[in-house]
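Build out the structure end to end from the sequences listed, making use of the hints.
Residue 586 is where the sequence shown starts when you use the numbering used here, and the numbers rise one by one after that.
Keep in mind that the hints were calculated from the coordinates and are not lab data. Hints may contain errors.
Label-pair distances were calculated between CB atoms; the ranges are [to be verified]:
1) E1278 x A956: 19 to 27 Å
2) A1305 x P921: 46 to 54 Å
3) A956 x T1012: 44 to 52 Å
4) R1326 x E1246: 21 to 29 Å
5) E1278 x D963: 28 to 36 Å
A quick note: this is a predicted structure, and the numbers were derived from the prediction, not measured. No residue lacks a Cβ here, since even glycine has one placed at the ideal position from N, Cα and C.
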Amino acid sequence: MTVLASAAIASAADMRSTDEAPAGAGTALRFFGNGAFEENQVKIRIDAPAVPADIGVGNFTLEFWMKALPGENVSPSCVPGGSNWINGNIIIDRDVFGNGDYGDYGVSLADGRLAVGASFQQSGGGYFETTFCGSRVVADGAWHHVAVSRWGGGLSVFVDTFHDGGVPVGLGDYTYRDGRPTSHPGSDPFLVIGAEKHFGATGWSGFSGWIDEVRLSSPERYCQDFGRPTEPFVPDPWTKALYHFDEGAGDLIGDSSGAPGGPSHGVRHFGGSPAGPVWVPSDAPLSGFQSVRVAFVAAASSAVESSGTADYSLLWTTSDGAPTQRPQNIAIRVRPGTATPVLDYTPLDLEVVSPAGLPSGHVTSLNVPLAHDVLDEDDETFVVDLIAICGANGGTPSSHTVTILDDDPLPTVSSGDCTVAEGDAGTTPCTPTIRLGPASGREVTVDYATASGTATAGSDFQPVSGTLTLPAGAVEGTVPVTVVGDTVAELDESFSLQLLASTTAFIDDGVGSGTIVDDDSRPVPGNELSHASVLHADLAGGAPDLYRISQAPFTSFEVAIDEASGDAGLVLERLGPDGTTVLQAAAAVGTGTARSLRWENTVDATITTQYLRVRATGCTVPCAADDTYRLRVLETTGRISRFNNGGSQVTTLLLQNTRAEPIGGHAHFWLASGTLLASVPFTLDPRGLLKLETWAQIPILAGHSGTVTVTHDGGYGGLAGKTGLLEPATGFSFDALLTYRDH
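The following block contains the structure:
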């Protein structure tokens, strides 16, 4: 912070030299600390436009080489606290006039020692200011490397690679705010070397001595003692501005950092008595000390997703080829490319410590954990960056790109079924659902076409063909098929939807069935039957007895006839919608006269057009009231309350045939919303056992949970079963049993 009386602000014509020492490598600037106005200093504009040299939004390092003669800078001793740094002979000035809405900082020489100050606007209000004082004498006629580094909430000074003091400063922003309004546009938006930036001010002194090799970096470079630089600085990804002062003539101070958004060029302002700063040959000791450089061994690599880790390596080299003299710290951060953090890899922000004595050319191997999923997807990338160098210099390459090679199998695609009442006229859609399991990380396409079954293309339905596209992440889509209505009483009819080809999915169940349910005129039944119905009747008169039985989608029934009396030969049949076509005749049960019908409704519609007929094959005398029978109806659908293949659980389905005859049927898997995910057929030998690892054997069920129903052609209670739910990580498990409706 600088506070000035307005009368002290004045402007002066630039006094630039035209006859300086010949240009050439290895020059420095000699300051004399006597500029009364805009003289004897270097000014670097950092706003309007904003440039990379405006460091301070996070951690940063300001470093330079300096030499000062004893007694040439006469400022009093440093006083800690406040903005007292400004009372020294100012070397670097990045303050603002008044209380800046962002922060500022500066470096000066006080009684031959360094004074460093910082200030910033606090988030809760108020203005924070501090000064800390170094202990090492640097005004001794020798060259010294000075680094001011902000890291971990503190500001530290290093002199010739050794820590020389520091102070906590919090996490405030020290940058010059872009577009900041100011009444001092000729001085505020600048970083100044060698003098107090508000020219014309009284009471503050400039620096008298030599400056060379100024580098501004972000984030921090030094967080512990380090090896002194042995050569002119070389740009790396952390360099925001770099001034070699090797122009040797003229007033342009070139920035050679190559930082994006730059360059941050400066201007030499020559003047004063004696006039300065002047170009002089540099004798800064940029040799004889060890420096350490670190870089990735390779710029890119790949790792198979299921391998668990992506490996990379760092190469440490020293300038003199000898083992490292001090420990070195490297900060590593992993950032996304096309891969997603956590879902594809573990994001890291870590510190790698290289101990002293490490041979030059040593390679440190590291890795990033990968997430192994079951999602078929494109290969993806992430980037590993060296984001902070504490004691070592950043080499090339400083970023390491890793490609995650996907090795998951293609998802499976299957065609579902649809059922629709045909209607008397016009058209009605029947829409099979195409399901994908599991979801894919890329777009999935599948070719399809309809085919005639008992329904005829063109008259009963309109044929369709084409390509269905499922976006990445989608698990289902639909193919509408148009059904044509009529008034003809007929049996239910069917067509198929066939999946023909896909390059991005494996076709599992590639044929879906479309059922056209006839809803035209039919005979009027005498009685309605349902689950648990028990009916005693006779065959008086000899006419068949007709019963109607409705059936919900994906259910199964058993109807038994027994307790016959008289001499009638009983026949039990299931009829179609026309009331005459026999769909199924009852089979004998045991050695007596009992007969049983067992069947499934395998379509997604309630059947209201099926009938049961009881008739006699003949009576020795006309059938009469003494020719009696009993009719019993039971729904044989079994229900299991839960399966779960989501999260960390997996489910096994077990079905046991408890009877002495084979049983066939279907296991139906439902979401909690009532959506049917899959119907799996099965056949069990007498006393046979079925075991299904549902998450592996039925891919569409991976990642889902819900309930199970089981339909079959066996007798009531003929199947026993359960689902076993397991938490593999803990070994915890529990069962959900197969149950039936009560009698």
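Does the Cβ distance between E1278 and D963 fall inside 28 to 36 Å? For E1278 and D963 the Cβ distance comes to about 29 Å; the hint holds.
For the hint 46 to 54 Å, verify it against the beta carbon of A1305 and that of P921. holds, 51 Å
Holds or violated: the 44 to 52 Å window for the beta-carbon distance between A956 and T1012? holds, 48 Å
Cβ distance range 19 to 27 Å for E1278 and A956, holds or violated: holds, 23 Å
I want to verify a distance hint. Is the separation of the beta carbons of R1326 and E1246 within 21 to 29 Å? Distance hint for R1326, E1246 holds at roughly 22 Å.
Checked against the numbered hints above, the structure violates none of them.
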